[in-house]
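Student: Sequence:
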Amino acid sequence: GTAAFYGTAPTLGNIAPDPAQLGDAAYETALKGAWGAAARAVRAHYPLSRFGGSAQAAFVQADADAYVLCPQTEAARMAVAAGVAVWHYEFSHFMPSPTAPGGGCDNGVELDVVEAGASATWATHGAEVRYVFGSEQNHDTLSGRPRIADCPFSPAERRLSDEIGAYWAGLARGGDPNSGGGAGGGRAWWPAYGAGANWTSLVLGVGGGVARAQLHGSACNFWTQLGGERSAK
Numbered sequence: 001g002t003a004a005f006y007g008t009a010p011t012l013g014n015i016a017p018d019p020a021q022l023g024d025a026a027y028e029t030a031l032k033g034a035w036g037a038a039a040r041a042v043r044a045h046y047p048l049s050r051f052g053g054s055a056q057a058a059f060v061q062a063d064a065d066a067y068v069l070c071p072q073t074e075a076a077r078m079a080v081a082a083g084v085a086v087w088h089y090e091f092s093h094f095m096p097s098p099t100a101p102g103g104g105c106d107n108g109v110e111l112d113v114v115e116a117g118a119s120a121t122w123a124t125h126g127a128e129v130r131y132v133f134g135s136e137q138n139h140d141t142l143s144g145r146p147r148i149a150d151c152p153f154s155p156a157e158r159r160l161s162d163e164i165g166a167y168w169a170g171l172a173r174g175g176d177p178n179s180g181g182g183a184g185g186g187r188a189w190w191p192a193y194g195a196g197a198n199w200t201s202l203v204l205g206v207g208g209g210v211a212r213a214q215l216h217g218s219a220c221n222f223w224t225q226l227g228g229e230r231s232a233k
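In this note's numbering, the protein residues as written are 1 to 233.
Simulated from the structure, these hints should not be mistaken for lab results. These figures come from a predicted structure and were not determined experimentally. By construction, the Cβ of each residue, glycine as well, lies at the ideal position given by its N, Cα and C atoms. Keep in mind that the hints are not guaranteed to be accurate.
[Stated by the list, open to error] For each label pair, taking beta carbons as the anchor points, the in silico distance ranges come out as: (1) Ala82 x Ala20: 31 to 37 Å; (2) Gly227 x Ser154: 37 to 43 Å; (3) Gln225 x Asp150: 43 to 49 Å; (4) Arg50 x Ala85: 32 to 38 Å.
Using the sequences and the hints given, assemble the complete structure.
Tutor: As C-alpha cells, this is what we get:
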C-alpha cells in the first residue's frame with residue numbers, strides 16, 4: 001500500500017525561496033517536464049477542472065498514479081498471481097500543520113505543494129508510518145530546516161492509529177491483518193487482495209477502514225495504455 005507522490009510538483013510559494021507556480025501555465029510546464037510529448041494526453045486525463053483549478057493537486061495525482069499507485073498495484077497483482085497472500089491499502093488522512101507556512105505534520109506542507117490546512121483526505125508518501133507506531137512527532141527533513149515537529153493526535157486520529165497498529169500486528173503475528181485483534185472491535189474486515197477475482201483495497205482514514213474494489217482502476221488503465229503507446233513509438 002501507499003499514500004501519494006514522489007515527483008517535483010509546482011510549488012505554492014509559501015516557503016522561500018520557492019516561487020508561486022499557480023494555474024494553467026505552471027501546470028503545463030510541470031507536465032511537459034515530466035512527460036514530454038505525452039503531456040497533452042496526461043492533461044486531458046487530469047484536467048484542472050477536476051481539481052478545483054489547483055495545478056499542485058492535479059500534478060500530484062497524476063504523478064502519484066503514474067509512479068506510485070499504479071505500479072505498486074501491478075506489483076501486488078503479480079504477487080497474487082505467484083501465490084502470495086496480499087492485503088492492499090491506501091492511507092487517506094491529512095494532519096494539518098500546527099504552524100503556517102511549514103511546520104509540517106505531513107510532508108506535503110514542507111514540500112510546499114499543499115496548504116497547511118489541506119483536504120482531510122490528503123496524505124503524502126509515508127504519512128501512515130507515524131500511525132503504525134503511534135508516534136505523535138514528525139521528523140521534518142524536507143524543508144531545509146531539519147527539526148522534530150510535535151503532532152498530537154486528535155481522538156479520531158488516535159483511533160486510526162490504534163486500528164492501523166492492530167492490523168499490522170495481526171499480519172506480523174498470524175500472517176493475516178485480521179488475525180489477533182486486527183479485525184473486530186469496530187474495525188473493518190480487510191479482504192485479501194484478489195480474493196474471488198475481486199481486487200479490493202482497504203482505504204484507511206479517520207472514519208475507519210473502507211473496502212473499495214478496483215481502486216484507481218480508470219487511472220491505471222490510462223497509464224497502462226499510455227505506456228504501451230509510448231513503447232510502440
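Student: Evaluate each hint against the coordinates.
Tutor: For each hint, the structure was consulted:
For Ala82 paired with Ala20, a C-beta distance near 47 Å fails the hint of 31 to 37 Å. For Gly227 and Ser154, the Cβ-Cβ distance of about 41 Å falls inside the hinted range of 37 to 43 Å, so the restraint holds. Between Gln225 and Asp150 the C-beta distance comes to about 45 Å, which sits within the given range of 43 to 49 Å. Evaluation of the 32 to 38 Å hint for Arg50 and Ala85 yields a pass: the beta carbon distance comes to about 35 Å.
Taken one by one, the earlier hints fail for this structure only at number 1.
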